[in-house]
Amino acid sequence: MYCIETTGLTYKFEKGDPILNNINIRVPEGAIYGFLGPNGAGKTTTLKLILGLLKMQQGSISILGKEIDKDRIAILRQVGSLIEAPSLYAHLTAKENLRVLQLIYQCPEARIQEVLDIVGLPDTGKKKAGRFSLGMKQRLSIAIALLPNPSLLILDEPTNGLDPNGIIEMRELLKRLNKEHKMTIVISSHLLSEVEKLVTDVGIINKGKLLFQGTLEELLKQQQQSAHSLLETSDNAGAIKLLTNAGISAHEEHGKVVMPAATREGLGDISQSLAQQGIKVYEITTVKNDLETIFIDLLKN
Amino acid sequence: MNVSFVNSFRSEWLKRRHTAASWIVIIGAAFMPLLVILMRLQDHGKPADKIFMKNIWAAMYHRNWTAMGMFLLPFMLILSTSLITNVEFKNNTWKQLHTTPQSLTTIYFAKFSVIIVMLVQLFLLFNIGIYLSVMLPGYIFSDLQLPTDPYPYQAYFRGTGYFFIDCLPVIALQYLLSLRFKNFIVPIGIGFSMLVIALLALNWKYGYVIPYIYTPLYFKENQNFVDPLMNRHYWASGYFVVLTVAGYILYVTKKEKG
Numbered sequence: 001m002y003c004i005e006t007t008g009l010t011y012k013f014e015k016g017d018p019i020l021n022n023i024n025i026r027v028p029e030g031a032i033y034g035f036l037g038p039n040g041a042g043k044t045t046t047l048k049l050i051l052g053l054l055k056m057q058q059g060s061i062s063i064l065g066k067e068i069d070k071d072r073i074a075i076l077r078q079v080g081s082l083i084e085a086p087s088l089y090a091h092l093t094a095k096e097n098l099r100v101l102q103l104i105y106q107c108p109e110a111r112i113q114e115v116l117d118i119v120g121l122p123d124t125g126k127k128k129a130g131r132f133s134l135g136m137k138q139r140l141s142i143a144i145a146l147l148p149n150p151s152l153l154i155l156d157e158p159t160n161g162l163d164p165n166g167i168i169e170m171r172e173l174l175k176r177l178n179k180e181h182k183m184t185i186v187i188s189s190h191l192l193s194e195v196e197k198l199v200t201d202v203g204i205i206n207k208g209k210l211l212f213q214g215t216l217e218e219l220l221k222q223q224q225q226s227a228h229s230l231l232e233t234s235d236n237a238g239a240i241k242l243l244t245n246a247g248i249s250a251h252e253e254h255g256k257v258v259m260p261a262a263t264r265e266g267l268g269d270i271s272q273s274l275a276q277q278g279i280k281v282y283e284i285t286t287v288k289n290d291l292e293t294i295f296i297d298l299l300k301n
Numbered sequence: 001m002n003v004s005f006v007n008s009f010r011s012e013w014l015k016r017r018h019t020a021a022s023w024i025v026i027i028g029a030a031f032m033p034l035l036v037i038l039m040r041l042q043d044h045g046k047p048a049d050k051i052f053m054k055n056i057w058a059a060m061y062h063r064n065w066t067a068m069g070m071f072l073l074p075f076m077l078i079l080s081t082s083l084i085t086n087v088e089f090k091n092n093t094w095k096q097l098h099t100t101p102q103s104l105t106t107i108y109f110a111k112f113s114v115i116i117v118m119l120v121q122l123f124l125l126f127n128i129g130i131y132l133s134v135m136l137p138g139y140i141f142s143d144l145q146l147p148t149d150p151y152p153y154q155a156y157f158r159g160t161g162y163f164f165i166d167c168l169p170v171i172a173l174q175y176l177l178s179l180r181f182k183n184f185i186v187p188i189g190i191g192f193s194m195l196v197i198a199l200l201a202l203n204w205k206y207g208y209v210i211p212y213i214y215t216p217l218y219f220k221e222n223q224n225f226v227d228p229l230m231n232r233h234y235w236a237s238g239y240f241v242v243l244t245v246a247g248y249i250l251y252v253t254k255k256e257k258g
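Listed in order, the protein sequences are those of chains A and B. When the first sequence is numbered by my numbering, its final residue is 301 and no position is left out of the sequence of numbers. When the second sequence is numbered by my numbering, its final residue is 258 and no position is left out of the sequence of numbers.
If you are wondering where the hints come from, they were derived from the structure by calculation, not from laboratory data. Bear in mind that the values here come from a model prediction, so they are computed numbers and not experimental data. Mixed in with the good hints, there may be bad ones.
[Said to hold, decoys possible] Chain B regions said to be covered by chain A (calculated; three or more residues, Cβ under 8 Å):
(1) 7-19
(2) 85-92
(3) 240-247
[To be verified] Here are some of the chain A residues that sit facing chain B, going by a computed Cβ distance under 8 Å:
(4) Arg77
(5) Tyr89
(6) Ala90
(7) Glu96
(8) Leu101
(9) Ile104
(10) Leu134
(11) Val287
Where is the CB? At the ideal position from N, CA and C, for every residue including glycine.
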């Protein structure tokens, strides 16, 4: 069963092109789903639609097996969220901020201290939230999202404003919540490197279109497939013909022959064969794409 | 009453803690009675004070409410309603509030109820203030007699009730405006402009069509400037219902909720 399932989600503001175009998101239950894309790709709009903050125009959204436009309140009872910048009452203390929401969620009062301990803000005393550092505000916002002990946690760029240590701590916290509390987590980010050590599933969005969706393993497989070798030779056309006859797909790009990545042994054999045909090999380079390069390539394409 | 509404109200009530709006209620309620007490202490023994002593409960009621109703009360209502509603815009918390498991109707009326309860709180404190403005000078100066008539709670309650009704259109329109505009200067600016127009229209025969005019009209109650056929409390109640419904429709149909 999918925790979040959107079908044909399309959204546009009054004037202009669609912000989202036929988005079909599938977040498996128990997953940590990295929702990735550059700024302005449509991540926040998608998350706002999922949470009912924007009126749906086209398509459907199902969360925890229920339709958002029919069972909004029942769904929101099981969802914790943090959208964009922290949403805190600056004139209230951390505990008062949580109390405001505890009254609505009707969870036990002891839960307030529990979530403060979880996010590492056990005692901020009478200090008002407005005087917190950005990192503390972010932690308190996550505490608010955790307050109803949700089945689904939606976090939009939660590491904004956190220092490297804070990012690592946040990562560990989210892993723990996912493992120990079986919480499904959707985390959006514009940096793959920031979430690749955390997520189990990935969705990549750009210009309102979902470019990739699948498990992290599938993305890694794509990484291996996209690794390639570049050959600089005295006769590229002859080299391509020879490689093609040997069953290796090859083409010319920027004056170099591009072929799938081969082992050291394989490259040695190719080099020898080319030399035997009178084709000089000036340079052989193997390019192994990392996840970030694939991410950027997907966005470029 | 619906349990979720009560919880929502308690949550909204908590948000008003430490805000300027909550201070306006206390300072606003204390301001006129304090001024009256100081004036009475200063005028102690003068002929003006002796005139007041003849029917001190009615005199003090009139003295406190005239200045309050004319300008201070609508001024405070404009400020406190706009400030209390702006808390969500100022803190970027609309999106948080709208992802809580409660209906938009509950949110709208819980917030509105907080403003109305704050008005009740203001009136309660103000009446205590009027009571003190009658009694305190008598305790301070032994030659100032304390009132012999009993506290006219029925007349005070009725009068306060009428003022309460007269305030409702101001609250409803300020609430509507404050939910629409992120910049709180806009609703406050519109509110003050409406108040100035209302004060300028006090002598106009049809001034009663202006929703901000009803508390200042108390000042003109016994004069012939106002159309004698109109009942300002009915007009105020009508405006309140219409503006509350309009505000609700505009709020629930807003496309972006955070």
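To see whether the hints hold, each was checked on the structure:
1. 7-19: Result for this restraint: holds, n = 9.
2. 85-92: Since 4 is at least three, the answer is holds.
3. 240-247: violated (count 0)
4. Arg77: Holds, because the Cβ-Cβ distance from A:Arg77 to chain B comes to roughly 4 Å (cut-off 8 Å).
5. Tyr89: It holds, given that the least Cβ distance between A:Tyr89 and chain B is near 5 Å, below 8 Å.
6. Ala90: Result: holds, 6 Å to nearest chain B Cβ.
7. Glu96: Where the cut-off is 8 Å and the nearest Cβ of chain B is about 6 Å from A:Glu96, the hint holds.
8. Leu101: 7 Å, holds
9. Ile104: 5 Å, holds
10. Leu134: 13 Å, violated
11. Val287: Result: violated, 43 Å to nearest chain B Cβ.
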